[in-house]
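The lines below spell out each chain.
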Amino acid sequence: MKRLRAWIVRIAGLVPRQQREQGFADEIDSHLEMHVEEKMRAGMTREQARREAILRLGGVESTKQAYRERGTVPFFADLVQDLRFAVRQLGKNRGFAATAIAMLALGLCANLAIFAFVDAALIKPLPYWDSARLVSLFESNALGSRYHLSYPDYADWKSRNKVFQSMDVYEIDDGLTLTTSTGTQKAQGARVSGGFFHTLGVKPVLGRDFREGEDAASAPRTVMLSYAAWQSRYGGRADVLGETVTLDGAPNTIVGVLPADFHFSPAEPAEFWATLHPAAGTLNCRKCHSLYGIARLKDGVSVQQALAEMTSISQQLERQYPDSNRSRSATVVPLAEVIVGDVRPILLVLLGGAGLLLLIVCVNVSSLLLVRSESRRRETAIRSALGASRTRLMRQFVTEGMVLVVAGSVVGVACAYEAMRLLTRLIPVEMMDGMPYLRGLGLNAHVLLFAVVISLFVGVLFSLTPVLRLPGAGMREGLAEGGRGSAGTIWRRFGANLVVVELAIAVVLLVSAGLLGKSFYRLLHMDTGLQPDHLAMMRIGVDRNRYALGVDRNGYAKDEQLIALERQIVERIGSLPGVRSVGITNGLPVGDGDGIMQFQVEGRLQLREHNEANARRVSPGYFTTLQARLVRGRYFMEGEDASKPPVVIINRTMAAQYFAGEDAIGKRINVGGPPAMEVVGIVDDIREGPLDMAMRPAMYSPFSQGPDNDFAVVVRTSQEEGSVLKDISGTIHEIDRGIFTYGEVTMSDRINDSPAAYMHRSSAWLVGGFAGMALLLGVVGLYGVIAYSVSQRTREIGVRMALGAQRSTVYQLILKEAGWLAGVGIVAGLMCSVATGALMRRLLFNVRAWDVPTLAAVAAVLGVAAMVASYLPARRAASVNPVEALRAE
Amino acid sequence: MGDKADVWQGTLALMVLKTLETLGPLHGYGIARRIEQTSGDLLSLNYGTLYPALLKLEQEGAIASEWGVSENNRRAKFYKLTRAGVRQLEREARDWEQTTAILARFLSSKGEIA
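These protein sequences, in sequence, are chains G and B.
Position one of the first sequence corresponds to residue 1 (the working numbering), numbered consecutively onward.
Position one of the second sequence corresponds to residue 1 (the working numbering), numbered consecutively onward.
Chain G with its partners taken away, still in its complex shape:
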């Protein structure tokens, strides 16, 4: 208790007070006086008495010191003193302080902002219970590994496997029709099997989860709301449970609301999570693929074991149902891979880039500190001559380093906060919907912890750098005026080499940025098989129920109605001013690459592998509107409908893959069943899937030989393409007010904003930004090194010139030093870049890691920048006046 009291008093004593000092000085005075008086009474002279008194006291100053130390906490008192000194020092060197703090803030800002994304996407656990045991299930086929399952396959997988605790499926429905009292609208939803949320381990915040069997075809339809939909559409009312919502014309009872932090990116932004209710047609249809699976592994079962088991089950199914399941196998990957797998490589590359930038910053600031400690040799020597111990001197430098780091960190964290907000705002809404885990991004505990760790690391580094320079025994040399001879030897041996590291890092970042930029350019300028300018498009949804009045819901008998609608749309839009031609398709180019059909070439034995291709239904004017290139044969003709023989146009890839060495024209292709379609044309590849995906076989058949109720109209315009979109939707609503139009976009925007382009663009820009800063910092670093070296060698240069050296020789002397450093840095950097390029090849598109033009360009840019940076100090060196140089100091 009394100890505590004493500590409190001592800590309060940290605040320096003149009064206390004075009080004690008075007390000592009065003590000495009393002592002197007494001694004088005993017969001493005043001088003798005073000497005796001071002797018995043990020295005035040391007594005061002991008293002072007891009065405060010495450690903290020194700290306060050092802090005051450090701040004063930095205040005197504003330029140095501002540069160092700004560089630190920059490095920290870049790292924290990127780390916040890494944390949100890769570190923060998914909002499911024990998400490490969750896997995602797909069917693989000849085209790739992540395709839909059919319902019967799902049922077999589920019943035959022994590796999963539970297994469920979902189906994404981004064109859900929501009927409310005010009309109908499109909404995003998903249909899931009964145990879906149970498998994920998600509990509703309101109401209940789906029950087993509630997804059966005959069960009453139930739906759960996303938290966002509950808030926006129902105002967060608690009595929403039990209400009915009409989806795709059928009433669904609301049974629950999902938690606010729940997200499931494959289906986002799903508002309505309805039960599956497989239609009668799909229940036993192994060729109808529309489902994706999720499952929870049993304890102790690895993903590999699960994959092995599922592969063997699919082999059984393949033997059992060769017709539908040939070449179809299972894909089992961790669920996290599906949710954040796309962004992992780009985030890691960005984090790497930010880390390298921080490294450059550290090197630069360390160099500055090193130079400063050089110029403070005399100061430290005097301090140690006056009795400062080595540790005491070290503490002084550590405090100064820490002041810099703390100031830099505070500014850096503030900048990072802004940078995060800016970066998240730059992400388009549709991209953000696919990355719901980024929603809660911000300065959370993880990010702050990361900031503290970085700051500590940097702080230790900056504290140690000047300590390296602390004079050990060389105090006398330090005191010697100028200390020319030895000054800068350590610097030259150590500091100068740091700039090589810096330049090498700058090269790595520049090359990475160059490669990513080139990938992005190649991606945007790749041949998509169509002419993207003056092309606009819009998707059209036809309410199935209205157009299937009184007829079979599967929609065979409504064909005439849809064909008539299509004709009318083409005709009316084609006559709009500014519209040159109109095409219809049920699947737009540069999409997700889905819409796959199995086919057989007639007259051939079933091929060993399973044949699948992108299948599209298009109008006769579609290809001419896209300005696609016809390789052989012909396009579809007007009136080529169900009454005419079925025809198909295939793309070049399909022709090369399935009709190599023979003429595809006239061959017949079977999709599903007879009648077979005759190949009438080969069109040059049109990119149906993402830009960065390999080209796939595709087949196009006439819309009028198999219309779809969900299609898109594509328009070639003679004027600015965006301006006609309004007219188009107006015209369509004139034809029928009950048709939905959505997804209005121009082809250029569709390409530019496609996920592949976005990913490449953002990585190219961000790494480019880092590279630009690295270039600047690297060149400034080189300039600093050379300029410092020149200032150190002024005398030497003066002597040389006095002895007859030409100015050109001096230039040579300095430029040679700079050229050597820059050369080593660039060469080392180029070698590292090739390795780096190989590491990030997943992000590269049509560019090799050792892309010579990029490497050469970077070397040239850096070489020129380095020469400019060293030319300035070289000129100063060459203009040295030998007389002044020799007289100086």
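The hints are simulated quantities; they were obtained by calculation from the structure and are not laboratory data.
Treat the hints with care, as some may be off.
[Said to hold, decoys possible] The calculated SDA-like cross-link candidates involving lysine to any residue, where the alpha carbons are at most 20 Å apart (straight line), are:
| hint | chain 1 | residue 1 | chain 2 | residue 2 |
| --- | --- | --- | --- | --- |
| 1 | B | Lys80 | G | Ile28 |
| 2 | G | Lys518 | G | Val861 |
| 3 | G | Lys39 | B | Gln37 |
| 4 | B | Lys18 | B | Ala53 |
[Unchecked claim] Stretch by stretch, here's where chain G covers chain B in the computed footprint (C-beta under 8 Å, at least three residues):
| hint | segment |
| --- | --- |
| 5 | 12-24 |
| 6 | 94-105 |
Using N, Cα and C, we set each Cβ at its ideal position, and we do this for glycine too.
Chain G is already provided as a structure; the job is to place chain B on it using the hints.
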């Protein structure tokens, strides 16, 4: 001064408290002289060490200080015992007596087994 004992750590505080209890409010020099006199000049007290000890006691609340005028009409800082100081003195004196009694018995036992 070789045959004079140095003041043990911790005992100085006890001596200060006892001095203040006996003599009432007193300045630093007076306390030092009194300790020396009481010990029969057997103790060598470095006066400089007294002041941090006084400050420590003051921080702990055992004593309080106040500027006043000395017997010789000189301005001096006077220290006096607080109530907490009185309690501390009682406790420490008791502890000290106990310790010395034990040690005394120990030293006089001359190897007999108790």
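Quick rundown of the hints versus the structure:
A hinted pair counts as satisfied when its Cα atoms are at most 20 Å apart, and Lys80/B with Ile28/G qualifies at roughly 18 Å. For the given pair, Lys518/G sits about 16 Å from Val861/G by alpha-carbon distance, which is consistent with the 20 Å threshold. Restraint check for Lys39/G and Gln37/B: satisfied, since their Cα atoms lie roughly 15 Å apart, inside the 20 Å limit. With a C-alpha separation of about 14 Å, the suggested pairing of Lys18/B with Ala53/B holds against the 20 Å cut-off.
Remark: the segment 12-24 of chain B is not confirmed as covered by chain G, as 0 of its residues place a Cβ nearer than 8 Å to a Cβ of that chain, below the required three. By the rule of at least three residues with a Cβ nearer than 8 Å to a Cβ of chain G, the coverage given for the segment 94-105 of chain B is violated, with 0 such residues.
When each numbered hint is compared with the structure, violations occur for hints 5, 6.
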